[in-house]
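Colleague: Line order of the protein sequences matches chains A and B.
Counting from -18, one number per residue, gives the positions in the first sequence under the working numbering.
Counting from 6, one number per residue, gives the positions in the second sequence under the working numbering.
Check before you lean on any hint, since a few could be wrong.
[To be verified] Just so you have them, the derived chain B footprint on chain A, three or more residues with Cβ under 8 Å:
no.: 1; region: 36 to 43
no.: 2; region: 47 to 56
no.: 3; region: 66 to 72
In case anyone wonders, no lab produced these hints; they're calculated from the structure.
Here a beta-carbon is modelled for each residue, glycine too, at the ideal position from N, C-alpha and C.
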Amino acid sequence: MSQITRDEVAHLARLARLALDEDELDRFGGELDAIVSAISRIGDLDTADVPPTSHALPLTNVTRPDEVRPGLTQQQALSGAPAHEDGRFRVPRILGEEA
Amino acid sequence: MSVSTPEELMDYEQAVASFDPVLGLEVHVELGTVSKMFCGCDTTFGAAPNSQVCPTCLGLPGSLPVLNATAVESIVRVGLALGCDIASWCRFARKNYFYPDMPKNFQTSQYDEPICTDGHLDVEVDTHDGPPGSRRTFRVEIERVHMEEDTGKSLHVGGATGRIHGADYSLVDYNRAGIPLIEIVTKPVEGTGALAPRVARAYVTALRELMRTLGVSDVRMEQGSLRCDVNLSLRRSPSDPLGTRSETKNVNSLRSVERAVRHEFGRQAARLTAGDRVVQETRHWHEDTGTTTSGRSKEQAEDYRYFPEPDLVPVAPDPAWVEELRAGLPASPAVRRGELQAAWGASEQEMTALVNAGAVDLVESTVAAGAPADAARKWWLGELARHANERSVDLAELPITPAQVAQVVALVESGALNDKLARQVIEGVLAGEGDPDAVVTGRGLAVVSDDSALLEAVDAALAADPDVAEKIRGGKVAAAGAVVGAVMKATRGQADAGRVRELVLQRCGQA
Chain A
-18 MSQITRDEVA HLARLARLAL DEDELDRFGG ELDAIVSAIS RIGDLDTADV PPTSHALPLT
42 NVTRPDEVRP GLTQQQALSG APAHEDGRFR VPRILGEEA
Chain B
6 MSVSTPEELM DYEQAVASFD PVLGLEVHVE LGTVSKMFCG CDTTFGAAPN SQVCPTCLGL
66 PGSLPVLNAT AVESIVRVGL ALGCDIASWC RFARKNYFYP DMPKNFQTSQ YDEPICTDGH
126 LDVEVDTHDG PPGSRRTFRV EIERVHMEED TGKSLHVGGA TGRIHGADYS LVDYNRAGIP
186 LIEIVTKPVE GTGALAPRVA RAYVTALREL MRTLGVSDVR MEQGSLRCDV NLSLRRSPSD
246 PLGTRSETKN VNSLRSVERA VRHEFGRQAA RLTAGDRVVQ ETRHWHEDTG TTTSGRSKEQ
306 AEDYRYFPEP DLVPVAPDPA WVEELRAGLP ASPAVRRGEL QAAWGASEQE MTALVNAGAV
366 DLVESTVAAG APADAARKWW LGELARHANE RSVDLAELPI TPAQVAQVVA LVESGALNDK
426 LARQVIEGVL AGEGDPDAVV TGRGLAVVSD DSALLEAVDA ALAADPDVAE KIRGGKVAAA
486 GAVVGAVMKA TRGQADAGRV RELVLQRCGQ A
């Protein structure tokens, strides 16, 4: 029995901008479930004495001085873009998702 | 999805009598660092599009962010000035969303570990009732101040009026993407009643003043370096739970902050009174009509999938360093205002007028450019305030600098201009005709100080009105006013009225 519901798969797909068909929605629930179960085995370990870790490096406060450094030219910046116009990246219209 | 038909508004007095408002303000301030938050790109405003970018702020694969030390220092100083607690350890987080203003598909921000929490800012508003100039102080509690990066700028092409709906495509400039941004979020502001719009404006004004005093940002609202989102909800009584709020985005002038709160107050009151509910949503502010329209609904919780930013290590401000920054804070704006008030010999009431008009810094700069304080105050609160009002902009947005105002004042002081001509000079400067000297030359404006030319006009005026001339000769000095008026008219206002009067009296044997 899958713990990840079809609705959750649909939600994740929407967030990731993936177009899944009906079969895929069914199938990915099971596959994601297998992945989540595999990872959840880590919960079997006793981690009471281990502080939560988000970074592999034991460092804090890594900064740079506030100085301007040369970057890319406009031409370089746009060189990899599929489309540009007036020095700007041209992107498809955005439907009702104003951030 | 967007409904842009205007909605019913309840009369403001009536809305205030029926509902209790609760405000919430989110202010974004672009820091004035010379380079971006996580890369060394230039932050100067107004450059050619995509000319201040690099692999990091374009989100190209393999690039890594490195934090700007000055940006951290600035935000800690802001937090301290707002009386916040400074976190001893905090992290950045990725706010994930798909939108082309962030090429990385996430914005580097802070989530549940903001660097500054629990502060406050006291603001004073003119109550407009009671004796003139009576003021009330409100304490606005600050929930958090966190650091993040600004987004790129989109230009929507096609469709109507450059708005997002109906656009054919969009053009994006990433020069702004990655500029250090701080977000200052208030706790719900209660108890403001009818003064809610004024408290909102006073808060943003005070915050802007604070940023300027700290020297961390140029806070130019017209250039977007200070942007405000206004949240408002209504309830029947202060003892009721909070009502549903709307969030009006990008209200980008002090005047608009006040207008937006007032508008939302009336709109929500009308809905609630009609038995409708207020929808939790983002609303767009329209500067031209002074109204808001529905944007994105926020009924469903947003899912940004925040997680700790793996590419940036935690920030852990050393307590000794924080204390050093605290000791180095400049005097608060309130203290500074007190000092300026004393230096300018201004009354409480005059000072309040300057603060409300956002003119304190402008007058200060004008005085620094050599103008006497009372003259600087007179021009900014009088003629220039009138122009700002006509154009529906804030004083600081007028295309005239304090130095130019000081030049006009100097021309008046030297007698080269009278007030009437000075007003024309200001008009010329605002119309883009150049510096005051250039306008004076260009428009041929100068007080006629040549007595012989004036005497000719005086004699002509006396000859044209022999009855009045006779009266003056007979001792009715007050009658001279009519002749002075005629001379001023003949010289198209370019004469010194005082001198004309002397000459009229002289000619009639009364001097």
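Colleague: Check each numbered hint from earlier against the structure, then list the numbers of those it violates in ascending order.
Modeller: As far as the earlier hints go, not one is violated by this structure.
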